[in-house]
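Chains E and C supply the protein sequences, listed in that same order. What the first sequence shows, in my numbering, is residues 308 to 622, in sequence order. What the second sequence shows, in my numbering, is residues 6 to 271, in sequence order.
FYI, nobody ran anything at the bench for these hints, they're computed from the structure. Cβ coordinates follow ideal geometry from the N, Cα and C atoms, glycine included. Where hints are given, some of them may not hold.
Here are some chain C residues the structure puts well away from chain E; computed CB gaps all over 10 Å [what the hints assert, rightly or not]:
no.	residue
1	Ser7
2	Asp253
3	Leu254
To give a feel for the contact side, a few chain E residues facing chain C, derived at Cβ under 10 Å [said to hold, decoys possible]:
no.	residue
4	Thr475
5	Arg476
6	Asn497
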Amino acid sequence: MYLDLLLSALGQGVIYAPMALGVFVAFRILNTPDLTIDGSFVFGMTVCAAVTVAGHPIPAIFAGVLAGSAAGLMTGALQTVFGVNPILSGILTLTGLYTVNYMVLGGQSNLYLQSWEPNAAGALVPVGSQTIYKMMATVMGKSQSAALLLSLLITFLAAAILIVFFKTRPGMAVRATGDNEEMVRSSSINADAARIGGIMIANALVALSGAILCQQQRYADLGSGSGMLVVGLASVIIGQALFRQSSVTLGIISAVAGSIIYRLILQVAYQIDMPSHMVKLLSALIVTIALILPQAKDKLAIMRLRHGGERSQSR
Amino acid sequence: MSVQLSIQHLSKCFEPNTPNRRVALDDLSLDVERGEFITILGSNGAGKSTLFNAILGKFLPDKGRIILDGDDITYWKDYKRAAHIGCLYQNPQWGTAPNMTIEENLALAYTRHASKSFFAVNRRDSAYFRELLATLGLGLENRMKTPMGMLSGGQRQAASLLMATIAKPKLLLLDEHTAALDPVTSRQVLKITAQIIAQNNLTALMITHDLHQAVSFGNRTIMLDAGRLVLDIGADERAGMTPRRLADLFAAKAKHLLSDRSLLSV
């Protein structure tokens, strides 16, 4: 039973790991709170669903990723070219995306990955669309382990590409822009371009999660994106607490690990009969505690120092 | 000798048509010869930093032209001209990326001249960076993997200086780059500055509030007041110049005295 629990957490963790990487790129590398993330997750999902239903499961993943980067381009352009406040520009894109997503799903709020085809009797029956997970299962035979392996592979690839990218010159320009934008502005690097590129990468990663989730669960749902940002932040923070990383490479690895551990925490919570609507509250609590903890530690230390000081004076 | 930087009738007025109207640059013209190292004096609000920001393209001037090495850069985008201009500010934290290593910072600054390689940090360039860092005499060559944020202000400013000059810029702008450092470190960074400028035969402008520095560094001193050039002292005239005489000269030319900070150093 415990193995099941672990495998289930691992399976979900790796599907949401690219999303955590996207949050890591936006919040940690670029130092920008990007609220587009909730929207680009669903955008990746809906675009992927639409293309999958049309019968192209592999291009569907890429289409989803492209959709996410387009959302990032929008937010990035608002922030840089038009000088809109970063948080507001994310909210604007997010709000606009809701309508776009609704239209991509053909004017409905959810879509099963199936098409209606006539059976022998001539009646229309739903036929499940081909997905990359089904394809992998056909190759390997076992569907459960095939799904896990495929998600692992995708996440591994995304993380590897990201690690390599941040060591190249364009990647370093993105890192430097997040680290000290003033410096980049007085060097020969186009800081606006680096910022837009970084936000596009972040949202492309988030959309990748949405896309593979949609093929794995075989439906797309407009509501699935809400709170994703907090889930991603929770993963990044959990990973950070574990690894105490300073380098970008370690940060990327720890974000993936954080995503898996976050799902493990949820699985354990479900075991002790936590109703599923508690998930969001739990994620919010994890992030809040992680954000408060360092401050609380400092305050406690200062309090101890003050009390100690009084005692030694009164003697 | 040829002119490296030519400022022609540059004017800039901030917030025109309002009660806060402020003329920052007033028909300022200045020719800088190639290899010249000019120190710039002037009280607060005289237009020194505004002049630098105009050259760097942080804003566009109302009137006038900026010619750098024969190119009219007046309307170039800031990052495009940054490829030819190195710049250093008072705050050591402005010139470097704190969470990136010394090596990565230098690789970033060296981008245009770097060896072709897939990764930004490569062995050949790193060997060159190590050599350069060694010339600073601060032991930084053994700490290339250290994040820039771990260095002290003086070390960071020296490293920033390397970053600003590593791409052999056509012009180096120094905006009171040692003002935030303690006197000993300040002298050390100034020494390194003079050394780097001489070795690379750079054309440089240095803003300072220290009259001693103004006459002992570089080969020409100019003074700005209310956005105008009020004093231009060439090499010959500077030979016998003392900080006291400089202060008197300025007081005669300008409508008001130099700042207290400058006078303290007399």
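Legend entry - Restraint check, 10 Å cut-off on beta carbons, for threonine 475 of chain E near chain C: 6 Å, holds
Legend entry - asparagine 497 of chain E as an interface hint toward chain C, with CB separation required under 10 Å: Holds - the Cβ of asparagine 497 of chain E comes within 10 Å of chain C, reaching about 5 Å at its closest.
Inset, instruction - Beyond 10 Å from every chain E Cβ: check whether that's true for leucine 254 of chain C. - result: Nearest chain E Cβ is 33 Å from leucine 254 of chain C, so the label holds.
Inset, instruction - Identify whether the interface hint at arginine 476 of chain E stands, where standing means a beta carbon of chain C within less than 10 Å of its own. - result: 5 Å, holds
Legend entry - Separation of aspartate 253 of chain C from chain E, once the least beta-carbon distance is taken, above 10 Å: 36 Å, holds
Inset, instruction - Measuring Cβ to Cβ, find out whether serine 7 of chain C lies farther than 10 Å from everything in chain E. - result: At about 24 Å from chain E, serine 7 of chain C clears the 10 Å cut-off, so the statement holds.
In this structure, every one of the numbered hints holds.
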